[in-house]
Amino acid sequence: MIGQLHSVVIDAPDAHALATFYAGLLGMEVRGEPGDDWVVVTGAGYRIAFQQAPDLQPPDWPDPGRPQQFHLDIRVADVDVAEPQVLELGARRLPGGGGDFRVYADPVGHPFCLVWDAA
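All residue numbers in the sequence shown are consecutive under the numbering used here, ending with 122.
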């Protein structure tokens, strides 16, 4: 092994706002203040960092001209319970999905999936 994953880093036009969205989605803690160029969410042994990118061109799923760039799969026990909660946080449902996942966009437009019964 050469190293271990320390952070997943996500660009955002407002790093604190997007960190707050994911902290609410994942039950994690925000470390940083509004206006900071670098904000981290932590919890349950995980860390996601958000960096200020004011000129970010968000993805436009499923348009290949503006691809997803990355996405997170979020495991949930019951998607029908989880979906209204993520929509209330500011996510929106996107086209696509399958027997064990649904596709959403975070408030900036990055796709993520709610998954269940996933191996």
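Think of the hints as simulated: they come from the structure by calculation, not from any bench. Note that the Cβ used here is the ideal one computed from N, Cα and C, for glycine as well. The reader is advised that the hints may include incorrect statements.
For each label pair, taking beta carbons as the anchor points, the in silico distance ranges come out as [claimed, not checked]:
id : residue 1 : residue 2 : range
1  : Arg78     : Pro98     : 27 to 33 Å
2  : Asp81     : Gly46     : 27 to 33 Å
3  : Leu29     : Gln54     : 17 to 23 Å
4  : Pro67     : Glu91     : 29 to 35 Å
5  : Arg34     : Asp120    : 19 to 25 Å
6  : Gly93     : Ser10     : 34 to 40 Å
7  : Asp40     : Asp66     : 26 to 32 Å
8  : Gly93     : Pro57     : 15 to 21 Å
Going through the hints against the structure:
1. Arg78 with Pro98: 27 to 33 Å: 21 Å, violated
2. Asp81 with Gly46: 27 to 33 Å: 21 Å, violated
3. Leu29 with Gln54: 17 to 23 Å: 18 Å, holds
4. Pro67 with Glu91: 29 to 35 Å: 31 Å, holds
5. Arg34 with Asp120: 19 to 25 Å: About 33 Å separates the Cβ atoms of arginine 34 and aspartate 120, which means 19 to 25 Å is violated.
6. Gly93 with Ser10: 34 to 40 Å: Taking Cβ atoms as reference, glycine 93 and serine 10 lie about 22 Å apart, which means the hint is violated.
7. Asp40 with Asp66: 26 to 32 Å: 29 Å, holds
8. Gly93 with Pro57: 15 to 21 Å: Given range 15 to 21 Å: holds, Cβ gap about 19 Å.
Checked against the numbered hints listed earlier, the structure breaks hints 1, 2, 5 and 6; every other hint is satisfied.
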